[in-house]
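Trainee: Chain by chain, the residues:
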Amino acid sequence: MGPLIVNGIISENTNLFLAFIIGIGFGFVLESNGFSSSRRLAGMFYGYDTTVLKVFFTAALVGAVGLLFMSLFHWIDLSYIYINPTYLWSTLGGGVIMGAGFILGGYCPGTSFCAASIGKIDALAFIGGMFIGIFIFAEGYPLWENFYYAKFLGAPLLSDMLGASRGLLTLLVILVALGMFWVGEWAERRFARDDYTLNQ
Amino acid sequence: MKARIILASVLIPLGLIIAAVPENTTKPYKLTAGQLLEEVKSGTQFIGPDQVADMIISKDPSLQLIDVRSAAEYDQFRLPNAMNIPLVDILNPEWEGYVNQDVKLNVFYSNGTNAANEAWMITRQLGYKNNYVLQGGLNYWVETVMNPEAPESASPNEEFLKYNLRTGAGMALGGKAVDTAQPLEAPSAPKPSVQKKERKKGVQGGC
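Protein chains in written order, with my numbering: chain S, 151 to 350; chain X, 20 to 226.
These aren't lab readings, by the way, just hints derived from the structure by calculation.
Note that the coordinates shown come from a computational prediction; the quantities given were computed from them, not determined experimentally.
Where is the CB? At the ideal position from N, CA and C, for every residue including glycine.
Incorrect hints may have been included.
What the hints assert, rightly or not - SDA-like, lysine to any residue: derived pairs with alpha carbons at most 20 Å apart:
no.	chain 1	residue 1	chain 2	residue 2
1	X	21	S	183
2	X	21	S	156
3	X	21	S	154
4	S	204	X	184
5	X	148	X	181
6	X	148	X	113
7	X	49	S	208
8	X	49	S	248
9	X	49	X	27
10	X	60	X	75
11	S	204	X	27
12	X	123	S	331
13	X	148	S	229
What the hints assert, rightly or not - What follows is a list of derived Cβ distance ranges for each label pair:
no.	chain 1	residue 1	chain 2	residue 2	range
14	X	40	S	156	39 to 49 Å
15	S	274	X	39	34 to 44 Å
16	S	285	X	162	18 to 28 Å
17	S	170	X	54	24 to 34 Å
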């Protein structure tokens, strides 16, 4: 049956419309989890608030378990699911730049729009910086094109690398994630800050 | 604290189940008889000789002509760069990489359309994509591309345009004055390498 668009059950335009609805839902969940607060997001790096870890890992686990069950029931053909290809060096480089920007600015791209939509000035400044970064990347593209495409690995799966089934790997990730949540909450007590409020 | 226990008591059993059951590797995508009938009725599998001629001349790398006639007929006359998969061999695993792929546009052809249509139906029912049938087969090809008939002088402009295109295409492919009883000069057809399946590009996203 699925993916809906590949099997012609919905059209390209319906797909975009559904993406729009899901996008609004995504924004709503971000905002209701307090992700429009740069303090909460930066707290991930200092250890006093690990909500980011918990929310995103829970979302990933629900997605992984859901997809595997849907595949089991023949509701979706997993071979049609798009997996972002891995270019090792640009992934690492991009991760470092993104992480640095995350600590400095207190947002990631999605949450900055979320915060800007409720009128936060620092989020607007963050978005401005993001566009400057996009501009520099696009204009200087010939300089880093080789780096950008270096070390292409295709779309590797952790389960294939470890020789485990997808289900077994998912179980392992669930256990690791629950362990991380426990560590996260320990860190929240250990690095608690008296002056920390979600919104100033 | 409590939320974590609820989360764990839901996710761990689900994880155990999914780890224990065998992975679903079957390809559920096969056409039912009804779906196939719909496609046959709408005739979407046909591709016109003009479009094929245009792709041959522009050396479109995505075109893969597949001659489903016998090897003897193929040796006698074939379209440029066509490969030969006789209809009886269409399910031979040796050819699966050619008929089940996401990269090229396969065009089956035979003298009429029967054999090509049969090849298309068999592969389509298996859920293979990108396979088409040359409309009218080789007979219609010779009639339209190789020896196009000049339109009446009072015909609409489109008819003349089509005729000009066809004479151009026919000449480029060594036609027009060709005697169809003679085997056509066809460039030797090197076997194209098997194309690996490529994943479709999709929308990218992130946090």
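Trainee: If a hint holds in the structure, say so; if it doesn't, say that too.
Mentor: Evaluated hints:
1. Taken as a hint, the residue 21 of chain X and residue 183 of chain S pair is honoured in the structure, with Cα atoms around 17 Å apart against an allowance of 20 Å.
2. This hinted pair does not check out: residue 21 of chain X and residue 156 of chain S have alpha carbons roughly 41 Å apart, beyond 20 Å.
3. Between residue 21 of chain X and residue 154 of chain S the alpha-carbon distance is near 37 Å, which puts this suggested pair outside the 20 Å criterion.
4. With a C-alpha separation of about 64 Å, the suggested pair residue 204 of chain S and residue 184 of chain X falls outside the 20 Å cut-off, and the hint is violated.
5. Proposed proximity of residue 148 of chain X and residue 181 of chain X is contradicted: the alpha carbons are some 29 Å apart, above 20 Å.
6. For the given pair, residue 148 of chain X sits about 18 Å from residue 113 of chain X by alpha-carbon distance, which is consistent with the 20 Å threshold.
7. Simply put, residue 49 of chain X and residue 208 of chain S have alpha-carbon atoms about 35 Å apart, too far for the 20 Å limit, and the pair is violated.
8. The hinted pair formed by residue 49 of chain X and residue 248 of chain S fails the criterion: a straight-line CA distance of about 43 Å is larger than 20 Å.
9. Between the alpha carbons of residue 49 of chain X and residue 27 of chain X the distance comes to roughly 38 Å, so the proposed pair goes past 20 Å and is violated.
10. In summary, the hint linking residue 60 of chain X to residue 75 of chain X is not supported, as the alpha carbons are separated by about 28 Å, beyond the 20 Å threshold.
11. At roughly 12 Å between alpha-carbon atoms, residue 204 of chain S and residue 27 of chain X fall within 20 Å of each other, so this suggested pair holds.
12. For the suggested pair residue 123 of chain X and residue 331 of chain S, the alpha carbons sit about 48 Å apart, so the restraint of at most 20 Å is broken.
13. Between residue 148 of chain X and residue 229 of chain S the CA atoms are separated by roughly 15 Å; this keeps the pair inside 20 Å, and the hint holds.
14. In this structure the hint that residue 40 of chain X and residue 156 of chain S lie 39 to 49 Å apart at CB is violated, the actual value being about 24 Å.
15. In this structure, residue 274 of chain S and residue 39 of chain X break the distance hint of 34 to 44 Å, their C-beta atoms being roughly 50 Å apart.
16. The given range of 18 to 28 Å is broken by residue 285 of chain S and residue 162 of chain X, whose C-beta atoms sit roughly 58 Å from each other.
17. For residue 170 of chain S and residue 54 of chain X, the hinted distance range of 24 to 34 Å is satisfied, since their beta carbons lie about 30 Å from each other.
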